[in-house]
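Colleague: We have chain A; now place chain B onto it with these hints.
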Amino acid sequence: MNSPASAAPGVASSAIDGPAIELVGLRKTFRKGRDVTVAVNGLDLVVERGEVFGLLGPNGAGKTTTVEICEGLTAPDAGQVRVLGRQWRTGVDQEIRERIGVCLQETKFQEKATVREILGLFRAIFPGGRSIEEAIDLVSLGEKADSRTKGLSGGQRQRLAVATALLGRPELLFLDEPTTGLDPQSRRQLWDVVREYRAGGGTTVLTTHYMDEAQQLSDRVAIVDAGQVIALGTPAELIRSLGAEHFVEIEVDGFAGKIRPAELAALPAVEHCECEDARAVLTVDSVHTAVVAMERLLQERDVALLGLATRHATLEDVFVHLTGRHLREDGKS
Amino acid sequence: MNPRVIRAVAIAMFKEFWRTPEALFWTYGFPILMMIGLGLAFQPRVPPPVPIAVVIGEAGAPFVELLQNTKELEVLQLDAAAADRALVRGRVGLLVRGTKAAPDLRLDPVRVESQIAQLHIERALHRAAAGGPIAVATAIEDRPGARYIDFLVPGLIGLNLMGACMWGIGFNLVMMRTQNLLRRLFVTPIRRGDFLIGYIVGRGVLVVPEAFVLAAIGMIFWDVPFRGSVLAMLAVVIVSGLAFTGLGLLCASRATTYEGIAGLMQTCQLPMWMLGGALFSNESFTGLMRWAADLVPLTHITNALRDVMLEPGGFAEVGWTLLGLGGFAVVCFTLALRLFRWH
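Going down the list, the sequences are from chains A and B.
Note that the working numbering has the first sequence beginning at 1, numbered continuously upward.
Note that the working numbering has the second sequence beginning at 334, numbered continuously upward.
This is chain A alone, in the form it adopts within the complex (with noise of 0.2 Å):
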């Protein structure tokens, strides 16, 4: 149990214990005349107090559905949800929504309200907190508190949607996707709030389809492709989980009758190798190791290198690995 001393500062307190989530066999449909869809399949997930999470997955694979009945906006088919030790629609909603904060994927302000009229609104509807000059800090929108929410950018906008869900000190944070559309700068602030906000304590769930966003932000990630979880664990160990941790991508004038796929893939420090004509990505586990052995074959069989690159591995890669998909590639799974 957490006691009110040892608390973080930015967090309010709980008198609850266990997992910030759990969610068990979580099942959820969507029918619309002959269309079934189904969002959620059997979902299993435990999100700790106090970490980052991140839900990573392309459009369309559950992520948005399981946060909206993690936040009580869609109940599920079938399954068990604990938020904060409490389930939805048992009398309890109140209590769980005085404690957790929300970030929709999208919303629009009143167009005419100021950034610190739409934060004072906010900040009536929770019984403690932040108050609203403390909220413009930690997003800082301190420029733009007397301007109206019309003439704020898409970063401005979106961080104003984070101050709103911070306003009332929130134990856990709904983030879903916050910086879709957004340029690296905005991105990179709405991060430093992130941050921020575990500093103090606080646990996020974050949905996002941007990896190096979830690899940046995330403590722990779970890889979610058609309703459910497919890879659960740190980034770094779902990186590893790839058996090498970094590729190199080579292109030559063309490898027909003179290398085989399988000699490049028994070079040293090469774990995996897919080739095609002129093309082929390696993953290794040691760089300079793998390129010196490969640049002596290709002289020894004379091709001629035109590019080389390499790079670390990402979850993106993980994603491929598992589905054989890109994480945008489609958007209907």
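Derived by calculation from the structure, the hints in this document are not laboratory data.
From the three backbone atoms N, C-alpha and C, an ideal C-beta is built for every residue, glycine too.
Just so you know, not all the hints are guaranteed correct.
Unchecked claim - Between beta-carbon pairs, the in silico distance windows are:
id: 1; chain 1: B; residue 1: R340; chain 2: A; residue 2: A265; range: 50 to 56 Å
id: 2; chain 1: A; residue 1: E276; chain 2: B; residue 2: P336; range: 39 to 45 Å
id: 3; chain 1: A; residue 1: R31; chain 2: B; residue 2: R340; range: 29 to 35 Å
id: 4; chain 1: A; residue 1: T90; chain 2: B; residue 2: G526; range: 48 to 54 Å
id: 5; chain 1: B; residue 1: E349; chain 2: A; residue 2: L322; range: 43 to 49 Å
id: 6; chain 1: A; residue 1: N41; chain 2: B; residue 2: P336; range: 42 to 48 Å
id: 7; chain 1: A; residue 1: L322; chain 2: B; residue 2: V342; range: 52 to 58 Å
Modeller: Relative to the frame of chain A, chain B by itself:
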């Protein structure tokens, strides 16, 4: 012009519309149903007799008998005060005094029904005189409180209450729903009742003074009288505003498209425009029309407004109306609260 682009835009817009059943119903289904309903209600038939008031003791018996034998006229024999009131409230088209030989008519020629009544009376007199000359004295009703403008101003205040409360409350709420703002509020600890009360107060606060501004304009520019209790008028405006707000809220409690809310509003407002007695009197309605006119809140609101503006009406005169409208508002709010959806 690029025909390819125009075609692509047209197809995209049509498909969006076609795939929104709510929009489709209110655009096509509702007008068809309305046309069938109105077509049945207004079948060709003999027009009803035009009501006129004969002032007891001021019109000769032979003249009254002549008028009573004219099938196009409905003769109400009233004392002078009641006859005046009937004219003010549009119950009758004109007042008749005098004798058959020297008839004296009092009317406001702005009203079509007054002119029709005058023509029917003159025709009856012509028939009685066997084509001989007749002399009809006609006085234009221009006393403040008895003219059409006096009848109209309270009606316009009633219509404004209806429009401002129903559209202002209902339409904006649907807009907040489509923009996810209601959904965002739902995930906070806000209580449904707190939100709705705050919303109604915030949106409706300007409606009350507006009613008095309209009344003041009528008084300043057209000498429209204000003979009753200001407090009673305030009560009528507030309770009427609540009744229409409740109805607007009920319409908006579940609508998720602009077409849907517009259709529901029209369904509620059209009967009130036609039967509510705001622009023309519904006092002479009979049968089904009378029943329907009594059913719509606007009838009682415009009556109450005329009671407190054109007559020395107070709470005694409008008390039952206030109770009825209050009950109507409570029913609407209760239903709206139960049906209300955040998203």
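Colleague: So, for every hint listed, does it hold in this structure?
Modeller: Status of the hints after comparison with the structure:
no.: 1; hint: B:R340 / A:A265: 50 to 56 Å; in the structure: holds (54 Å)
no.: 2; hint: A:E276 / B:P336: 39 to 45 Å; in the structure: holds (43 Å)
no.: 3; hint: A:R31 / B:R340: 29 to 35 Å; in the structure: holds (34 Å)
no.: 4; hint: A:T90 / B:G526: 48 to 54 Å; in the structure: violated (21 Å)
no.: 5; hint: B:E349 / A:L322: 43 to 49 Å; in the structure: violated (37 Å)
no.: 6; hint: A:N41 / B:P336: 42 to 48 Å; in the structure: holds (46 Å)
no.: 7; hint: A:L322 / B:V342: 52 to 58 Å; in the structure: violated (41 Å)
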